[in-house]
Structure formats: C-alpha cells, structure tokens
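Residue numbers (the numbering used here), protein chains in the order written: chain A, 1 to 180; chain B, 1 to 180.
Please keep in mind that the hints were generated in silico from the structure rather than gathered at the bench.
A virtual CB, placed ideally from N, CA and C, is assigned to each residue, including glycine.
Any given hint could turn out to be false.
Unchecked claim - Which residues of chain A face chain B? A few of them, derived with a C-beta cut under 10 angstroms, are:
#	residue
1	I22
2	N41
3	I43
4	R45
5	N47
6	G50
7	L54
8	V112
9	K114
10	V128
11	D131
12	S165
Protein chains: 2
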Amino acid sequence: MASVGVDSEVTRIMLAVNESSIKGYPHASISSKSAFEWTLNKIIRSNTSGFKLLFLHVQVPDEDGFDDVDSIYASPEDFKNLNRKDKINGSHLLEYFVNRSHDLGVACEAWVKKGDPKEVICHEVKRVQPDLLVVGCRGLGPFQRVFVGTVSEFCVKHCECPVVSIKRSAEETPHDPVDD
Amino acid sequence: MASVGVDSEVTRIMLAVNESSIKGYPHASISSKSAFEWTLNKIIRSNTSGFKLLFLHVQVPDEDGFDDVDSIYASPEDFKNLNRKDKINGSHLLEYFVNRSHDLGVACEAWVKKGDPKEVICHEVKRVQPDLLVVGCRGLGPFQRVFVGTVSEFCVKHCECPVVSIKRSAEETPHDPVDD
C-alpha cells in the first residue's frame, strides 16, 4: 500500500485568534475557540506529530489610546500601563492556546502583532507561509456584516494560502450575535 | 497526555471534482487533482483511517445537447450515445480518484449529479453534511473571473460547512489560464 505524505514535513496550520468582544471578559473569543477545537477534532485528530499550530493574535491599537473610562485623565504612566495591560491580555490569550496544544502533544508557536487584524494576518501569512489558515467567524447575516465587517471574508479573498473559516455553532452564539 | 478526537468518528471531506476543460482531454481538471493532492498530503497525511473522502462530480448538461461538431445532425440515437458518453466520462473521472484513494487506504464514496455545479455542490453539502468541502480553483485574477465565474467563490459564500479552496500552483497553470 502506498503511503500518504508520511515522510513529508509537518503541516503548518496558522490560527488567527482574538479576544472576546464581551466587556470584562479578557479571554479568547468564542469563534477563536471554535476554530481551534475544529482544527483539533477534525484535522489533527490523533495525528499530533503531523501538525504544527501557529497562533497569531493581532492586537488592535485603540484609536485614542484609552480603553476604559479611567483613562480619560491619562498620564504617560497610564499609557505605559495600558500598553503593559494590552500585552498581558495578548499573552494571556496565547497562553490558553499554547497550554492546550502542549497538553495534547501538538507542537506550536504563538506571537502577538499590533495593527489592523485583516492586514496583519495577510502579511504574516505571506511571511510565514502556512499550509492552511484557520479563522473563526461569527456567521453573521449580510445585514449585520455591513456594519461590523468581517476579517474572515477579507482573509479568504486576500491571503496567499488556503483559508478555511469556521462559523460558531448556533448554541454558542451569544444573545447579541455581534458579540463574540 | 490528553488525546485529540481519537475516538470520534472519521472526518468526512467532500471533494468537488470536475473534468478538464482542455479539448480532447477527458480527465480530471488540473485544479481537481491539486485539491485532491493537497488533501492527501496536508490533511490526511499518514492518518488514512481517520478520514473518509466523498467525491462529487457534477456534470453540466450541454445547452443544446451537443458537445462536438459531429452532433449537428443528431438523431435520438446520438443523444443516447452522448448521454452514455457523458456518463462514461463522469465515471472515468471518479474512477481515478476512487482508485487512488483505495491504493492509499483511504475510505471513500463517489457519485455523479447533473446540474449547475455551484447549486448542486451546495445542495449535496446540505444533504451529506461533510466536515469540510475542498474545491479546486484556477486562481484567476479579478478581470478573468468576471467572464468565467467561479464555483469556488460561490461555495465559500453559500455552502453550509467549512470550505477551503485550493489554487493551482503557478507551474501547473496551462498557457491559457482559463483552461483547467
């Protein structure tokens, strides 16, 4: 019987992960987690040594440098704190995915970039050249999409590698489907 | 160490395959073969028992019932022959994928449907509910796409399952990139 890619290098799957948009919930978004679980259960399965996961978290710089009401009277020190907080949140997010991958025995790498998520993801795909990019999406209808834009649609169109976008299931969708 | 989906059912990947558009070449299109090879090498890898491939070939009925110049003077008998020929071509196409899967030890099923490929693929996804749909695409630029339309774009937008569209590599692209 012929063998399928047994000797080839591992399949490198990039996962773009983001924070939940739910106020006061500094964890990975529902759709990021769905995309991760889908990749584990449907693609990697028991073949943990055949894959490497590349987690990219893109932090969006706040337009005004503040992200809550306390920051209105910000000093340079507050900016430093904000930046440190941002970094902590980003690392915390990646820590979740890295820890789970490690527990399952799947090799991984994770890093944070700042900027516009859709642009940064495409740029990182070009640089890192994964075999597949997996992005979560909220599965919004066309009306809602007009207002919120979707990173996944942009990536499907513009990234220079195969892209699969994983919708949240109906039972995971929060009361306000724009939340994630 | 935790296990990743070891006990779960196999991952069912649907592959939409079509005939080459190159005149007198009654074989699978370049992009169908690329999508198949990508699935074997990057997803299934050595885990041949973890996956099942579902090959769907959608035959487009000719607008006028003819597909070459000899058919201009068609009798009902010629229509029968055309239909039989169509069926033979469809089966021949599927035979290629089924034989290769069998040689590699990957379980598969294959079937032919008639109709508009994009509509039929979405309909079959709804009926069969695969975990992933893989479609090949020619990787045409926006200008060429206006004239030829692309099945893959439609599937990414409308199919009710995760979809990944695999572009032909530059070295596989024929002289006329609209050919496949």
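Quiz prompt | Interface hint status, A/R45 versus chain B (Cβ within 10 angstroms) | solution = holds, 5 angstroms
Quiz item: Once the shortest beta carbon distance from A/S165 to chain B is found, is it less than 10 angstroms?
Solution: holds, 7 angstroms
Exercise. Let me know if the C-beta of A/D131 comes in closer than 10 angstroms to any C-beta of chain B, holds or violated.
Key: holds, 5 angstroms
Quiz prompt | Satisfaction of the A/V112 interface hint, Cβ to chain B closer than 10 angstroms | solution = violated, 25 angstroms
Practice problem: Tell me if A/G50 is really an interface residue toward chain B, meaning its C-beta lies closer than 10 angstroms to one of theirs. | Solution: holds, 5 angstroms
Exercise. Verify the interface restraint on A/V128: the C-beta must sit less than 10 angstroms from at least one C-beta of chain B.
Key: Violated - the Cβ of A/V128 stays beyond 10 angstroms from chain B, reaching only about 15 angstroms at its closest.
Exercise. Could you check if A/I43 really has its C-beta closer than 10 angstroms to a C-beta on chain B?
Key: holds, 6 angstroms
Quiz prompt | Hint check, A/N47 versus chain B [nearest Cβ-Cβ separation less than 10 angstroms] | solution = With a minimum Cβ separation of about 4 angstroms from chain B (threshold 10 angstroms), the hint on A/N47 holds.
Quiz item: Any CB of chain B closer than 10 angstroms to the CB of A/K114?
Solution: Given a least distance of 28 angstroms, the restraint on A/K114 is violated.
Quiz item: Going by Cβ atoms only, is A/L54 closer than 10 angstroms to chain B?
Solution: violated, 14 angstroms
Quiz prompt | When the least beta-carbon distance from A/I22 to chain B is tested against 10 angstroms, hint result | solution = Given a least distance of 24 angstroms, the restraint on A/I22 is violated.
Quiz item: Does the CB of A/N41 sit less than 10 angstroms away from some CB of chain B?
Solution: holds, 4 angstroms
Checked against the numbered hints listed earlier, the structure breaks hints 1, 7, 8, 9 and 10; every other hint is satisfied.
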